[in-house]
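Engineer: Same order as they appear, the protein sequences are chains A and B.
FYI, the numbering for the first sequence is 4 to 113, going by our numbering.
FYI, the numbering for the second sequence is 956 to 1069, going by our numbering.
If you're looking for bench data, these hints aren't it; they were derived computationally from the structure.
Taking beta-carbon pairs under 7 angstroms as the criterion, some of the chain A residues facing chain B (in silico):
no., residue
1, L47
2, F103
3, G106
The model shown is predicted, which means the values in this text are computed figures rather than measured ones.
Just so you know, even glycine gets a beta-carbon here, dropped at the ideal spot from N, CA and C.
Listed below are the residues making up each chain.
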Amino acid sequence: GDSVTQMEGPVTLSEEAFLTINCTYTATGYPSLFWYVQYPGEGLQLLLKATKADDKGSNKGFEATYRKETTSFHLEKGSVQVSDSAVYFCALIFYQKVTFGIGTKLQVIP
Amino acid sequence: DAGITQSPRYKITETGRQVTLMCHQTWSHSYMFWYRQDLGHGLRLIYYSAAADITDKGEVPDGYVVSRSKTENFPLTLESATRSQTSVYFCASSESGSSYNEQFFGPGTRLTVL
Chain A
4 GDSVTQMEGP VTLSEEAFLT INCTYTATGY PSLFWYVQYP GEGLQLLLKA TKADDKGSNK
64 GFEATYRKET TSFHLEKGSV QVSDSAVYFC ALIFYQKVTF GIGTKLQVIP
Chain B
956 DAGITQSPRY KITETGRQVT LMCHQTWSHS YMFWYRQDLG HGLRLIYYSA AADITDKGEV
1016 PDGYVVSRSK TENFPLTLES ATRSQTSVYF CASSESGSSY NEQFFGPGTR LTVL
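Just chain B, with the same shape it has in the complex (with noise of 0.2 angstroms):
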């Protein structure tokens, strides 16, 4: 299917778990981002990509890891899940990292972390 799509979709884990969420977009955008969703938040940058094997910190970065070995794919683990990484995640993709271009977003993860 074209476009950017999240694995899974839903998913309860335990605390002290590993998880990775998974993100694959068909476009071949260079960049590519993690935001995670809460209430009275919006949407928070988790991590972000430029490209193959460059990524970066975003306004949320502990507790998680990225990484990106192919330019369509940019799964997001958590080492150790905690309860307060309950949250909807969302994958992004960008063709640039120019202002004037729109980021296009999954359809999200639901974590729950027990």
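Excised from the complex, chain A in its bound form (with noise of 0.2 angstroms):
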């Protein structure tokens, strides 16, 4: 089945430090692969979104390249800050199946 694999974290950066967060999949079709974003005690929001392959999604600094040959999604954002805190999920929709990966929790120090 389909699956989606990154790190759990923490990350811990220091304010305006790159960041990446990986992530890879493996899929039977085609599908969209999306970040969504957690913050403390709220529901998930989604941040970008990518539906073909070589797509790059951005939102709010952040960006991440639809990676057909290896398989990747990864976050990136060039300058993070203290906001920036929270827990990100990578994920593949492929028509009405989602599946998360298990969040990542980034931790941004000042």
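Dock the two chains into a complex; use the hints.
Structural biologist: Here you go:
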């Protein structure tokens, strides 16, 4: 079946550091790929998405590129802020079926 | 309020009791979903519904029952709660079953079974 693999963390960075959270997937079809963010005590919010190979999703300074050849969708941000502290979930969606990664906790310290 | 809401936000119950978690969305989305979130597992799908009166099992359906008599509501019932069902439960909705459509999540219900 489909699966998503991401590091659990926590990932601790200083403010203004570069962020990479790796995400790799296995899928039988041609899914769309998503990054969701969960702030403490809240539900998940869509951060960005890509619906086909080589698409780049971007939002709020975050970006990720759908790489079919390496089955990856790594999340990057050039300069993190304290307000980016949250849990980040990589997910793939193939029709109504969603498969989530376990989530990566990011802590940004001033 | 527009969006997707869940109630209650927090619930403590005892083993063997029946508990119902409510989910309501105002967008008239066709699809609705129930997930549970546990450390080390991420989110796991319990049940989903493609439309009123159409429901299907997800990855971890045992011990749960759902119904969907109206498009906007999708209650989740634990018929006889067990400690292993202590978790945070999220409801979500989506405009369609297409791979292109994101799911919108509610704020979650934290359930503790003693």
